[in-house]
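Colleague: Each chain is listed here by its residues.
There are 4 protein chains.
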Amino acid sequence: MSQPRGEELAELQAQLSERFTTRRPTVAALEERLFHPMPCLDHGFVRVVDYMGDDNAVVQAARVSYGKGTRTANDDRGLIRYLMRHRHTTPLEMCELKLHVKLPIFVARQWIRHRTANVNEYSARYSIMDREFYLPRPEDLARQSSNNKQGRGEVLDADAAAEVLRLLRRDQEQSYDTYEKLIDEAGLARELARMNLSVGYYTQWYWKVDLHNLLHFLALRIDPHAQYEIRVYGEAIASAVKAWVPHCWEAFEDYRLGAFTLSGPMLKVVRRMLAGEPVDAASSGLSKREWVELMAAVRPEVET
Amino acid sequence: MSQPRGEELAELQAQLSERFTTRRPTVAALEERLFHPMPCLDHGFVRVVDYMGDDNAVVQAARVSYGKGTRTANDDRGLIRYLMRHRHTTPLEMCELKLHVKLPIFVARQWIRHRTANVNEYSARYSIMDREFYLPRPEDLARQSSNNKQGRGEVLDADAAAEVLRLLRRDQEQSYDTYEKLIDEAGLARELARMNLSVGYYTQWYWKVDLHNLLHFLALRIDPHAQYEIRVYGEAIASAVKAWVPHCWEAFEDYRLGAFTLSGPMLKVVRRMLAGEPVDAASSGLSKREWVELMAAVRPEVET
Amino acid sequence: MSQPRGEELAELQAQLSERFTTRRPTVAALEERLFHPMPCLDHGFVRVVDYMGDDNAVVQAARVSYGKGTRTANDDRGLIRYLMRHRHTTPLEMCELKLHVKLPIFVARQWIRHRTANVNEYSARYSIMDREFYLPRPEDLARQSSNNKQGRGEVLDADAAAEVLRLLRRDQEQSYDTYEKLIDEAGLARELARMNLSVGYYTQWYWKVDLHNLLHFLALRIDPHAQYEIRVYGEAIASAVKAWVPHCWEAFEDYRLGAFTLSGPMLKVVRRMLAGEPVDAASSGLSKREWVELMAAVRPEVET
Amino acid sequence: MSQPRGEELAELQAQLSERFTTRRPTVAALEERLFHPMPCLDHGFVRVVDYMGDDNAVVQAARVSYGKGTRTANDDRGLIRYLMRHRHTTPLEMCELKLHVKLPIFVARQWIRHRTANVNEYSARYSIMDREFYLPRPEDLARQSSNNKQGRGEVLDADAAAEVLRLLRRDQEQSYDTYEKLIDEAGLARELARMNLSVGYYTQWYWKVDLHNLLHFLALRIDPHAQYEIRVYGEAIASAVKAWVPHCWEAFEDYRLGAFTLSGPMLKVVRRMLAGEPVDAASSGLSKREWVELMAAVRPEVET
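Residue numbers (my numbering), protein chains in the order written: chain A, 1 to 304; chain B, 1 to 304; chain C, 1 to 304; chain D, 1 to 304.
Please note that a few of the clues may not be correct.
When chains are identical, the list treats them as one kind, so a pair holds in a single copy or across two.
[Claimed, not checked] In silico SDA-like links for lysine to any residue, alpha-carbon gap of 20 Å or less:
#1 K288 to I183
#2 K242 to E180
#3 K181 to D157
#4 K181 to Q204
#5 K288 to E250
In case anyone wonders, no lab produced these hints; they're calculated from the structure. Here the structure is a predicted model, which means the values were calculated and not measured.
Can you make the complete structure from the sequences, with help from the hints?
Modeller: Below is the structure:
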């Protein structure tokens with residue numbers, strides 16, 4: 001499916017060749033990308049298959065809420081920046097994106113935690129799974145981080161990586177061989193046989209979400225703390241969102257991705273510093289962890 | 001706004017005259033209706049301003065879930081009927097409708113109870129309300145039902161209706177005169193002055209919802225037990241849905257609107273009757289109310 | 001954890017031994033069951049760890065909505081039956097149940113599709129997975145149904161079952177051996193190593209849901225068409241719900257579980273039959289599948 | 001109801017006098033407040049009628065997600081602060097609060113915009129509304145703000161306030177006289193007669209919400225930009241939340257209420273200032289509005 005063939009290829013061709021006339025808000029830069037799979041990991045992809053709304057739909061919804069007066073006070077870009085800065089997010093819900101995604105099951109399990117979305121997933125109760133599983137590239141095989149419970153540390157050396165990949169591949173291949181045997185020879189029900197496949201196997205789904213919830217998803221999933229394997233999908237989606245609603249994306253970058261929230265205690269420290277008072281970890285009143293987070297944000301040039 | 005003028009008219013003209021080329025699923029029968037206000041009550045309207053998906057989007061989502069095998073087993077219409085009959089509703093969530101609605105506040109208060117939707121409402125904190133309130137037609141002025149706590153009974157006679165309308169109009173006009181005075185003369189904040197206006201005044205909003213939740217809304221709101229004033233909007237929306245997704249609408253009519261749910265105890269009674277046993281209220285084992293409901297559904301020709 | 005030991009056992013003992021005084025609605029029959037794990041499958045369980053509300057909370061909420069008049073017209077049980085029959089479900093949302101569940105990942109993947117709930121799951125990014133996987137009992141190893149794409153048919157014979165279990169166990173053990181090796185020897189990050197484990201491995205979570213959404217979950221998951229492995233959990237939960245809100249449960253059994261919905265076309269057929277007209281598949285106007293479904297419901301004694 | 005009498009008083013007495021034994025997490029400081037109405041505005045109130053969970057339920061849910069290792073690394077209070085600082089909000093969803101609220105309709109209309117909650121409202125289709133409407137205190141009658149479209153400016157002088165109150169009272173009383181006449185004399189259906197009542201009339205509902213969504217509600221509704229009339233309710237609820245989950249509340253105050261989010265561009269300005277560079281509005285690269293917001297936050301002692 002990552003290299004579509006046969007039936008899939010025919011469907012893709014049909015989608016790409018048809019043109020319709022519409023009165024709906026239409027975004028030329030996204031139309032160009034429509035249906036084209038963006039490759040993710042070794043066998044996955046994400047592709048935009050439908051959308052509703054554009055930057056102007058956000059402006060229109062904000063203006064019905066905040067009154068006609070906004071029309072003169074702000075241009076559209078300024079209004080969108082104002083909404084994003086003050087977390088007035090309901091106008092963003094007026095836009096909707098629909099994706100077709102092929103992804104490993106363990107990525108799907110993180111993704112589905114975002115509940116405000118619509119999803120239809122390939123069912124291994126009804127259908128046979130394909131022999132397609134995720135194998136990381138050697139450069140993505142990292143050690144457990146020593147200072148971060150959920151993260152990765154340094155990359156494995158070449159020999160260790162080769163051995164890891166050999167083991168992963170061996171088990172995945174064997175479990176699929178068994179899966180086939182269970183279905184073809186024993187005649188076992190699909191809903192039972194699938195239990196032998198790992199969470200590295202690929203599934204696929206249609207996923208539809210409004211822009212507000214999509215940006216929340218992206219804020220979490222393109223964050224450096226997100227697992228690399230879901231970040232790849234987040235970044236592919238982000239590139240489509242940027243083409244679709246450029247003003248919203250720019251405001252999102254400035255006010256969400258690039259933002260740093262000062263807690264009340266942090267804010268007091270910044271005020272003292274800006275008033276010329278020397279403040280260090282001890283005199284800050286912050287916990288050690290908060291002090292380090294604050295310094296990394298506001299004085300990145302200083303070693304802590 | 002029900003008779004758009006000036007600024008609104010210019011915006012409407014712009015929306016109607018623009019045409020774009022798109023690869024997205026497009027429904028010609030709905031495109032024709034796009035942006036056109038459907039009048040509701042004396043000053044209200046509902047108009048479709050955007051949509052995503054069509055009957056085929058439902059089929060496509062069902063097929064990713066239920067497997068390719070469904071492709072041969074059912075044609076599209078049959079598959080949609082199967083989904084509706086068995087309440088497999090997630091594929092319906094792949095379609096989305098966006099409406100612009102002008103409606104009395106008391107109708108808005110019923111409407112907003114449907115939580116799975118996106119809404120941006122005109123704000124009386126920011127903007128001045130218009131002098132537009134709902135006055136029923138004389139034929140819609142009904143007495144409290146004597147046997148139904150929430151319903152209407154017979155229509156008022158002409159004199160009584162005229163007096164009711166005189167009182168309603170007098171109070172609504174006076175409260176708006178006061179509203180204007182509070183704002184213009186006393187300079188009172190809008191968010192306070194609005195408190196003098198009744199729930200009969202018109203507000204407006206953009207409302208966006210997926211097809212599954214929209215059909216649930218319609219099932220409740222075009223039901224004969226729904227208040228007439230919201231049913232009018234429900235029926236206008238229903239006419240647009242019918243043009244938009246005709247297969248889904250037909251299945252919805254057969255399996256939801258026209259359906260009757262037999263409870264376990266009712267089902268037993270029907271079985272006994274079909275086996276030739278004479279059953280009456282006393283021998284049915286049903287409560288009186290359930291017996292009446294059952295007879296009205298399966299033996300409508302019999303007086304109960 | 002299915003046989004709690006050490007730390008878990010200590011926590012369980014603490015939960016069971018503490019008693020508090022409260023003014024909150026309290027259900028003695030559920031208090032008795034609180035915290036006790038109900039075993040499910042070979043290593044799983046579900047246990048109630050908290051609840052809010054009772055039958056009376058549903059009645060109280062219905063009475064604020066439907067007015068004081070309901071107080072005289074119905075006793076509590078009758079009011080709850082009325083609500084369930086007419087799908088007035090918002091009062092059911094006033095009750096909440098919180099569960100601790102240990103379950104195979106493939107069951108968790110079906111379960112999580114119910115989006116209106118709160119969940120916190122054990123994270124294999126942060127923590128090491130236990131060597132616990134699901135192995136069906138021989139009598140649960142069924143063939144793929146020949147007439148139902150998603151279901152099971154006849155049970156495997158003893159030899160075939162033994163061979164299936166041998167293969168499943170071999171692959172699951174091997175993949176865990178590899179998982180340990182990846183973590184302990186190669187030092188691979190947990191978030192990567194877990195990819196080698198199958199969807200048959202156990203995970204656990206806290207899951208909290210309101211009574212309306214819980215009953216919807218149960219209606220789907222204790223249905224004979226649900227996969228056996230999730231039905232086991234559904235039935236355990238059902239037994240707790242029955243102890244918790246007995247009037248709601250009784251009404252749910254009569255009006256949801258035991259109910260059959262006649263479509264509009266089916267209703268016409270039943271009317272004709274009850275009026276004495278002989279109707280067969282051909283003259284019914286129903287599709288073949290609908291005719292079979294109708295006959296199975298209303299004339300179960302007749303072979304079709 | 002604000003001064004409960006008769007039937008309400010009897011129900012309140014019953015609720016206050018009953019005591020039960022439970023194994024559920026129980027918070028003594030909230031038990032004391034249970035059922036007691038906290039007065040809001042002239043006739044409204046909010047009272048806690050049920051709750052589920054406590055600070056420890058948040059910790060327990062976080063630990064299942066983030067692993068046992070968190071047990072040694074943080075004490076409970078530190079873990080809750082960590083969750084709040086990093087917006088790991090799902091553990092907060094494990095707590096639930098149920099309120100009984102009496103409030104003016106225009107406040108209810110703002111409140112209901114928070115969709116992730118359960119609500120059962122008094123129905124004016126079924127029941128007669130009481131003659132109770134909101135009249136502000138003279139000191140709450142403020143002019144429209146001249147620099148803030150949605151806000152209030154200076155308070156009216158005594159004479160102007162008296163005249164405003166006279167007009168409000170006159171119209172509200174008259175519209176209720178008409179309402180009574182429509183129902184009692186004309187026999188008009190309640191669902192129609194209510195249309196004559198203003199959004200200043202009191203309604204009531206049960207409202208149930210999880211702690212995450214409740215804190216989001218409070219962050220917006222106790223903000224100085226929220227309308228005074230809903231802020232009063234927000235502050236009453238906040239006092240109950242503080243008694244219920246003191247660690248969560250403390251962390252919420254430090255990391256949400258007292259926090260200030262630096263946008264990417266603002267963060268750059270703060271870095272330049274802290275590195276000793278003089279920056280003014282012109283050289284900051286910020287829009288004028290952003291510059292003012294930033295200075296007010298980090299250099300409140302400087303006039304801008």
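Colleague: Are the hints correct? Go through all of them and say.
Modeller: Comparing the hints with the structure gives:
no.	hint	in the structure
1	K288 to I183	neither (57 Å within a copy, 30 Å between copies)
2	K242 to E180	neither (42 Å within a copy, 42 Å between copies)
3	K181 to D157	between (36 Å within a copy, 16 Å between copies)
4	K181 to Q204	neither (23 Å within a copy, 30 Å between copies)
5	K288 to E250	between (34 Å within a copy, 18 Å between copies)
Hints 1, 2, 4 from the earlier list are contradicted by this structure; the remaining hints agree with it.
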